[in-house]
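S.K.: Just so you know, the sequences run in chain order C and E. The opening residue of the first sequence carries number 39 in the working numbering; numbering runs sequentially from there. The opening residue of the second sequence carries number 11 in the working numbering; numbering runs sequentially from there.
Fair warning: there could be bad hints in the mix.
What the hints assert, rightly or not - Stretches of chain C that chain E covers, calculated by requiring three or more beta carbons in the stretch to come under 8 Å of a beta carbon on chain E:
{"hint": "1", "region": "45-57"}
{"hint": "2", "region": "138-148"}
{"hint": "3", "region": "302-311"}
To be verified - The following residues of chain E were derived to be distant from chain C, with all beta-carbon distances above 10 Å:
{"hint": "4", "residue": "E17"}
{"hint": "5", "residue": "G41"}
{"hint": "6", "residue": "E73"}
{"hint": "7", "residue": "Q77"}
{"hint": "8", "residue": "V186"}
{"hint": "9", "residue": "A208"}
{"hint": "10", "residue": "E242"}
{"hint": "11", "residue": "E286"}
{"hint": "12", "residue": "V308"}
{"hint": "13", "residue": "K370"}
{"hint": "14", "residue": "E420"}
{"hint": "15", "residue": "G442"}
{"hint": "16", "residue": "E459"}
{"hint": "17", "residue": "R468"}
{"hint": "18", "residue": "I482"}
To be clear, the hints were calculated from the coordinates, so they are not data collected in a lab. Quick reminder that beta carbons are idealized off the backbone N, C-alpha and C, glycines included.
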Amino acid sequence: MDADRSQMLQDRVRAARADDTPLAIRGGNSKHFLGRTVDGVALDTREHRGIVSYEPSELVLTARAGTPLAEVEAALTKRGQMLPSEPPHFGAATFGGMVAAGLSGPRRPWSGSVRDFVLGCRLIDGQARHLRLGGEVMKNVAGYDVSRLLTGSYGTLGLITEISMKVLPVPLHRRTLRIVIDAAEALRRLADWASQPLPISGACHDGNALMLRLEGGHGSVDASSSRLGGEIVDDAFWTQLRELQLPFFAGDAPLWRIALPMTRQLPALPGEVLIDWAGAQLWLRSEDSAAAIRNAVTELGGHAECWRGATAADTPFHPLPPALLALHRRIKQQFDPQGLFNPGRLYAEL
Amino acid sequence: MNILYDEALDGPLPPVDKPRLLTALRALLPGVSILHTAEDLRPYECDGLSAYRTLPLAVVLPETVEQVQALLRHCHELRVPVVARGAGTGLSGGALPLEKGILLSLARFRRILDIDPKACVARVQPGVRNLAISEAAAPFGLYYAPDPSSQIACSIGGNVAENAGGVHCLKYGLTVHNVLRVDIVTMDGERLTLGSDALDSPGLDLLALFVGSEGLLGIVVEVTVKLLPKPEVAKVLMASFDDVKKAGAAVGEILAAGIVPGGLEMMDNLSIRAAEDFIHAGYPVDAAAILLCELDGVESDVAADCERVREVLLAAGATELSLARDEDERKRFWAGRKNAFPAVGRISPDYYCMDGTIPKRALPFVLEQIGALSQQYGLRVANVFHAGDGNMHPLILFDANTPGELERAEDLGGKILELCVEVGGSITGEHGVGREKINQMCAQFGSDELQLFHAIKRAFDPDGLLNPGKNIPTLARCAEFGRLHVHHGALPHPELERF
Chain C
39 MDADRSQMLQ DRVRAARADD TPLAIRGGNS KHFLGRTVDG VALDTREHRG IVSYEPSELV
99 LTARAGTPLA EVEAALTKRG QMLPSEPPHF GAATFGGMVA AGLSGPRRPW SGSVRDFVLG
159 CRLIDGQARH LRLGGEVMKN VAGYDVSRLL TGSYGTLGLI TEISMKVLPV PLHRRTLRIV
219 IDAAEALRRL ADWASQPLPI SGACHDGNAL MLRLEGGHGS VDASSSRLGG EIVDDAFWTQ
279 LRELQLPFFA GDAPLWRIAL PMTRQLPALP GEVLIDWAGA QLWLRSEDSA AAIRNAVTEL
339 GGHAECWRGA TAADTPFHPL PPALLALHRR IKQQFDPQGL FNPGRLYAEL
Chain E
11 MNILYDEALD GPLPPVDKPR LLTALRALLP GVSILHTAED LRPYECDGLS AYRTLPLAVV
71 LPETVEQVQA LLRHCHELRV PVVARGAGTG LSGGALPLEK GILLSLARFR RILDIDPKAC
131 VARVQPGVRN LAISEAAAPF GLYYAPDPSS QIACSIGGNV AENAGGVHCL KYGLTVHNVL
191 RVDIVTMDGE RLTLGSDALD SPGLDLLALF VGSEGLLGIV VEVTVKLLPK PEVAKVLMAS
251 FDDVKKAGAA VGEILAAGIV PGGLEMMDNL SIRAAEDFIH AGYPVDAAAI LLCELDGVES
311 DVAADCERVR EVLLAAGATE LSLARDEDER KRFWAGRKNA FPAVGRISPD YYCMDGTIPK
371 RALPFVLEQI GALSQQYGLR VANVFHAGDG NMHPLILFDA NTPGELERAE DLGGKILELC
431 VEVGGSITGE HGVGREKINQ MCAQFGSDEL QLFHAIKRAF DPDGLLNPGK NIPTLARCAE
491 FGRLHVHHGA LPHPELERF
């Protein structure tokens, strides 16, 4: 069960360094389908697990990377708290994998992302040094904010061994509304609501109806719910959305995740669309070419990731402009000069 | 202790031929203000950390991004260091000039480029004042959340460089949580976009790395911030305590009860008396401590939360509770807290403002230790805190005209920061490291971490020309100051760089 295996992990990195053998880091392997394939020796973090500290009155939880995300969330639930960014589990996700991928769920536009809640972490870098970065306090501007840089880096900068996160109380009250309107009308209403202090914490158009989640005190949820209309439905919708388990996601059609500015303009692309994040995140099922999809999305100021299908097997993540890619390579070089950690997972050049 | 740039410890700086550089800059940047006489340079010799002053080689005030690019490209070629300056309100000396460097002022980048009320974003130039963004967004019912106490004057570019906070961070976050995108120019003159207009962007999160990097990685030339709808109502509860420890414990109780206040501030008796004497906020001058708890949001929720907070505070031993009756009284309650620094300035010829963060559970211990240190050094300390996020601002009272007092105040300040590290906190919550806390960084981090920071700097600025000497100490400096930090049982700084 709970064990500090950081010494073992550090030894593994030392050995990889000595043999010049790249490592393919994995936790629960729940997000293996994301990104490029890594050619390396598997390094499993799951033995290095356990909650290191959790004090509800500090709103901070620290856990080892291999701790199952479900275990972290169960400990929080017991004390009426949560990870506000609603990270997906996709099966058996670990706490470390949550940070390495940096994926956030339906609450993200209102609560902030996984990276927003990361306070500090421990990292084994390319020289096999076990570093302590950031901290366990909410305000901390000493040194560069490396912990947040690591969030969403897909393990390409080093092996994350421990993370401290800010957590928040679970809202007192929650209600899900289903309003039957088309996507265009839903986006119009969402634009009007954006500048109003409404307790919205989820807004998704699933092709048939606008699904809204309200969270807050009883007073605000009741008042907003009668104002916004629609029928009250089960909150389970949001878990299914977070886990990509809605009928929309079924099948093998190529699946794209598209991030857009909050302008609520949609790219004109063939295929089926599910709108999340009040229009800032789209899910697209489309056979269109990667280039066509990316052109349309870039024009609107967004970017597109391929989550399923072979259309963009070599560049699942949106390509970077040359100057930015060069900077990425220089950063990778500093963290991991031998290219030991998840080489190529994000981009072929990293 | 002198914290001005010391080439023996901070690294050698290339010699500069000033007349030749000025001639070249004038040719390169026609029409751009370039200040170089001692008289013209004087206003730029320090920022908010006014105890330390250096005249820069020259001050350049470009007006376009292209001019910034040309300036940096040229300084890069000639190996001339560049220090960026926004409004100069920073408290840690982040914009302290270098004798052998150019001071790049972004003061002329003052335009709000776009406010999009539907997308709830504002695109602004770096010299725009923090408060000006909220003022421009107000007609749409929106505002920009981070509110450092200097918000009337400080610039958004400086806020990005320092990851500025304020009194509402616990609920609304720091600058890093409220910025979508920054456009920067790197030392070689390249313009890059970090972040995007969407909620995330491809690749590494360089935006998060950049925010708070204190002008060492690039120059901010444009910022896109998020705007939030103004809360419908805000109410403030003031609770008095006869014991500072009880007040500290009450903070944790409120959070554990599931309430996230918009602001949760604490003041000790010395600060209460100073503030009351100055502002007449209606503070209880006999209380050992007060807590100000602001609850904001939708009216009915706020009313319910007020009731719950009131119960928690009473259970935690509050001796008196008052809810601001109206907006006037709410503002007055806050005015006392927001003017705590100048109020303390009235009761002491000088004061030195610290900025450490601690886990909230350590508050009673830290307060006790600060009390002991205060006695030991013979200097009074007034304590004000952003209690909700454990960010303390002890104010050390001293008289610079008494020989040795400034040094004693600085030593005491250093001890307080090391105390913060000892209990698992940080030497800076929101003011930054700059030059002020460069030595305490050696207590906060081991040499491995410092080496990684230097490596990150090299990825952006291999020649170390942007704001050298700030934020990250050299290992030579850490060794010199003997604040040896034993890391993982090993002696730190084994491979010293010596100049």
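S.K.: So, for every hint listed, does it hold in this structure?
M.R.: Hints, verified against the model:
1. Counting residues of the region 45-57 of chain C whose CB lies closer than 8 Å to any CB of chain E gives 0, so the stated coverage by that chain is violated, three being the minimum.
2. Three residues within the 8 Å Cβ limit are the bar, and the region 138-148 of chain C against chain E gives 3, so the coverage statement holds.
3. Requiring three or more residues with a Cβ within less than 8 Å of a Cβ of chain E, the coverage given for the region 302-311 of chain C is violated, as only 1 such residues are present.
4. The claim that E/E17 is not at the interface with chain C holds, since no C-beta of that chain comes within 10 Å of its own (minimum 23 Å).
5. Every Cβ of chain C is farther than 10 Å from the Cβ of E/G41; the closest lies at roughly 28 Å, confirming the non-interface assignment.
6. Consistency note on E/E73: stated as away from chain C, and its beta-carbon is indeed over 10 Å from all of that chain's, at 24 Å minimum.
7. Annotated as non-interface, E/Q77 keeps its C-beta farther than 10 Å from every C-beta of chain C; the closest such distance is 19 Å.
8. Listed as a non-interface residue, E/V186 fails to keep its Cβ farther than 10 Å from every Cβ of chain C; the least gap is roughly 7 Å.
9. A beta-carbon of chain C is positioned within 10 Å of the beta-carbon of E/A208; the least distance is around 4 Å.
10. A Cβ of chain C approaches the Cβ of E/E242 within 10 Å, the least distance being about 5 Å, so the stated non-interface status is violated.
11. No beta-carbon of chain C comes within 10 Å of the beta-carbon of E/E286; the shortest separation is about 27 Å.
12. Once the 10 Å rule is applied to beta carbons, E/V308 is inconsistent with being away from chain C; the minimum gap is 4 Å.
13. Distance to chain C contradicts E/K370 as a non-interface residue, since its nearest Cβ pair spans about 6 Å, not more than 10 Å.
14. For E/E420, the requirement that its beta carbon stay farther than 10 Å from each beta carbon of chain C is met, with the minimum near 18 Å.
15. Distance to chain C contradicts E/G442 as a non-interface residue, since its nearest Cβ pair spans about 6 Å, not more than 10 Å.
16. Its closest Cβ contact with chain C, about 5 Å, brings E/E459 to no more than 10 Å, contrary to its assignment away from the interface.
17. At roughly 6 Å, the least C-beta separation between E/R468 and chain C is not larger than 10 Å, which violates its mark as non-interface.
18. For E/I482, the shortest C-beta to C-beta distance to chain C comes to about 7 Å, within the 10 Å cut-off, and the non-interface label is violated.
Violated hints, listed in ascending order, are 1, 3, 8, 9, 10, 12, 13, 15, 16, 17 and 18; each of the other numbered hints is respected by the structure.
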